[in-house]
Amino acid sequence: MTEPGADAESKTANPIRKVMGLLQLKVSLKGILVGLVAAGVAVGVFVAVGGVPIAADKPDGWLLTHGLHFVFKRSEALAGSRVTPPGDLNDPSRVRLAAQHFDMVCANCHGRPGFGQSVTALSMSPRPQYLPSVVGQFTDSQLYMILEHGVKFSAMPSWATDARGDEVWSMVAFLRRLPNLDAAGYRELTAVPVASPGAPIAVGSGAVLRPANAQRNAPPVEEFLYAAPAAGFADAAIHTDALVTCSRCHGADGTGGVTGGEAPNLTIQDAGYLKAALQAYTSGQRKSGYMQTVAAELSGDQINALAEHYASLPAQASAPAPANPALVRSGEAIARGGIRENATPACSLCHESAGATITGAPHIAGQSATFLRRQLTALASGGRGSSVRWNPMSSVAHALSDKDIAALAAYYAQLPPSKGAAVAAPHTDQAPGVAIDVAAARQLFDSRCTQCHLEAGRGDLPGNFPNLTIQTKTYAEQNLYSFHLGARPGSKMRQATQDLNFDQLTSLATYVHGLVPRASAAKVDRAAAQRGQIIAAQGVASRGTPACLSCHGANGVAALPLIPMLQGQNGDYLRRRLELFATQAPSNRSTLNPMPAIARQLTSKERADLAAYFAAAPPLQKPLPRL
1 MTEPGADAES KTANPIRKVM GLLQLKVSLK GILVGLVAAG VAVGVFVAVG
51 GVPIAADKPD GWLLTHGLHF VFKRSEALAG SRVTPPGDLN DPSRVRLAAQ
101 HFDMVCANCH GRPGFGQSVT ALSMSPRPQY LPSVVGQFTD SQLYMILEHG
151 VKFSAMPSWA TDARGDEVWS MVAFLRRLPN LDAAGYRELT AVPVASPGAP
201 IAVGSGAVLR PANAQRNAPP VEEFLYAAPA AGFADAAIHT DALVTCSRCH
251 GADGTGGVTG GEAPNLTIQD AGYLKAALQA YTSGQRKSGY MQTVAAELSG
301 DQINALAEHY ASLPAQASAP APANPALVRS GEAIARGGIR ENATPACSLC
351 HESAGATITG APHIAGQSAT FLRRQLTALA SGGRGSSVRW NPMSSVAHAL
401 SDKDIAALAA YYAQLPPSKG AAVAAPHTDQ APGVAIDVAA ARQLFDSRCT
451 QCHLEAGRGD LPGNFPNLTI QTKTYAEQNL YSFHLGARPG SKMRQATQDL
501 NFDQLTSLAT YVHGLVPRAS AAKVDRAAAQ RGQIIAAQGV ASRGTPACLS
551 CHGANGVAAL PLIPMLQGQN GDYLRRRLEL FATQAPSNRS TLNPMPAIAR
601 QLTSKERADL AAYFAAAPPL QKPLPRL
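For the sequence shown, our numbering assigns the number 1 to the initial residue and increments by one for each residue that follows.
Heads up, some of the hints might be wrong.
To be verified - Label pairs and their in silico Cβ distance ranges:
#, residue 1, residue 2, range
1, A554, R442, 23 to 33 Å
2, G116, A39, 38 to 48 Å
3, D182, A42, 47 to 57 Å
4, S381, S154, 44 to 54 Å
5, S381, R176, 18 to 28 Å
6, W62, G40, 48 to 58 Å
7, G44, S154, 20 to 30 Å
8, A537, S381, 36 to 46 Å
9, P193, S381, 26 to 36 Å
10, V71, K605, 50 to 60 Å
11, P179, D503, 56 to 66 Å
12, S312, A537, 50 to 60 Å
13, E223, G382, 45 to 55 Å
14, G44, G382, 38 to 48 Å
Just so you know, the hints here were simulated from the structure itself, not pulled from any lab data. Treat the numbers as computed from the prediction; the structure is a model and nothing was measured. The C-beta atom is built at its ideal place from N, Cα and C for all residues, glycine as well.
Using the sequences plus the hints, can you model the full thing?
Now the structure itself:
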């Protein structure tokens with residue numbers, strides 16, 4: 001039984017005990033905090049005086065080793081859940097290409113089948129593992145994440161670029177084969193073809209250092225040398241005969257057949273393009289974990305000699321894989337006429353035509369379908385980079401479906417190659433199956449277009465609406481499609497074209513092409529025009545601004561009719577367009593138009609002077625339609 005008064009006493013005592021408990025807890029927490037701070041200070045002092053051993057010849061303890069590996073495996077398990085392997089992961093050509101990269105770069109640390117690991121690598125801390133023994137611990141997706149991003153606090157580097165997942169997946173495919181390879185099988189995969197006869201392509205006298213692989217540069221930069229030519233991992237041949245190294249993937253004949261078309265066919269390109277590509281790989285302007293590693297080891301003399309060597313080889317087609325005839329026909333339709341439904345221009349405007357002189361586009365007739373497919377996919381993601389100043393392909397490829405990409409690759413792969421000459425069917429101004437009705441287009445123009453562009457189509461005097469009479473069908477057509485789809489902003493033009501079908505838009509562009517070119521009636525500032533003429537003809541060399549007439553001159557617009565004719569355009573309209581370009585935010589189609597980047601390099605006064613120059617110039621003669 002409870003004694004009388006016990007309940008009252010307990011009610012009084014309980015709050016006191018709670019208060020005392022809280023005070024004790026506070027004191028305990030304070031003591032713990034003070035202890036932690038003291039321990040931290042002690043550790044800091046220990047580190048500051050150099051007491052932490054970091055010698056590589058002292059093996060890590062059991063707890064540290066297993067603790068780090070536990071963190072590593074759990075991190076990769078989570079990261080691997082974010083990616084899905086491609087359907088063609090086990091393609092033998094992917095395996096063969098990645099095997100060459102592994103042999104030149106990775107085997108130095110991780111070893112080769114039938115051989116032990118490097119003594120130097122095994123002296124590292126942490127030590128690189130023998131991959132045939134450990135790849136089975138990881139899924140394909142986990143291997144991808146390890147290769148793509150590398151591993152902190154280890155000797156495992158990230159891929160040379162973060163924009164070429166297709167290359168990383170090829171390495172995953174090879175690593176899956178690795179545990180089942182013996183020495184003979186490995187040697188068969190990594191055999192170096194006999195290079196073409198000729199003098200070895202050695203480093204030579206062109207070993208002048210130049211910036212390299214800018215993407216991975218990290219502080220403190222003064223402690224590293226991001227420059228080329230660089231010391232490689234293993235392939236000593238690159239310092240004595242670079243051609244031997246190149247033949248690993250491109251073959252002795254340069255066609256890329258030795259890797260099943262995963263590596264490109266070099267025999268179809270000219271020396272200028274090849275040289276620019278190697279220089280772009282060196283600087284990191286163009287992305288490839290394979291090629292950036294190799295190009296960074298080349299001297300200037302080697303780059304020149306390799307470009308000349310492959311350009312001098314007879315053009316040979318890559319061995320085309322059997323293609324569905326319907327797929328080839330679909331690719332031909334896109335190549336020659338583009339895709340009106342998403343404003344994709346015809347490929348033949350630049351490739352295998354005079355348009356390549358403007359964009360620097362490569363020859364692709366006779367190129368490997370596999371290589372073309374991988375490059376278009378990488379371009380569509382926006383991360384492949386470029387060898388030239390203006391490359392519209394990121395925008396173009398972004399609009400292509402996987403089926404479109406496969407069709408284009410199949411079409412161009414089956415064409416015969418021919419250097420310096422158009423071998424594909426040329427671009428046509430009238431695509432097959434398009435119904436052109438110029439009479440109906442004239443009625444549309446008179447009833448709709450003249451409301452803003454006035455009866456003669458020369459635009460208004462204030463320059464709110466441009467002069468249409470000076471433009472070609474190809475340029476007008478591309479822009480009408482873009483306005484119709486909303487790809488080019490402009491509320492009035494969107495409204496004017498929204499209810500028209502593509503045949504009507506094409507017919508309107510055809511009618512515009514038939515208009516007699518007439519200069520805008522607006523007044524021109526002649527003094528400003530004289531100043532602008534210098535920039536138009538010479539550019540601004542100190543800022544890397546190209547001469548406007550290199551594209552907008554008569555030769556440029558004839559070679560690539562996607563470029564607008566500016567001579568005779570309203571000066572105020574041009575000035576507003578240049579100002580808009582200078583402030584325009586990037587979009588998925590930004591690379592289709594080089595003008596925003598160029599306009600930002602000019603001052604407002606220079607932009608006004610250029611507008612005045614083109615307004616004062618007489619209109620260019622339009623080329624005849626290509627039917």
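Status of each hint after checking the structure:
no., hint, in the structure
1, A554 - R442: 23 to 33 Å, "holds, 28 Å"
2, G116 - A39: 38 to 48 Å, "holds, 44 Å"
3, D182 - A42: 47 to 57 Å, "holds, 54 Å"
4, S381 - S154: 44 to 54 Å, "violated, 28 Å"
5, S381 - R176: 18 to 28 Å, "holds, 24 Å"
6, W62 - G40: 48 to 58 Å, "violated, 25 Å"
7, G44 - S154: 20 to 30 Å, "holds, 25 Å"
8, A537 - S381: 36 to 46 Å, "holds, 38 Å"
9, P193 - S381: 26 to 36 Å, "holds, 32 Å"
10, V71 - K605: 50 to 60 Å, "holds, 59 Å"
11, P179 - D503: 56 to 66 Å, "holds, 59 Å"
12, S312 - A537: 50 to 60 Å, "violated, 35 Å"
13, E223 - G382: 45 to 55 Å, "violated, 32 Å"
14, G44 - G382: 38 to 48 Å, "holds, 45 Å"
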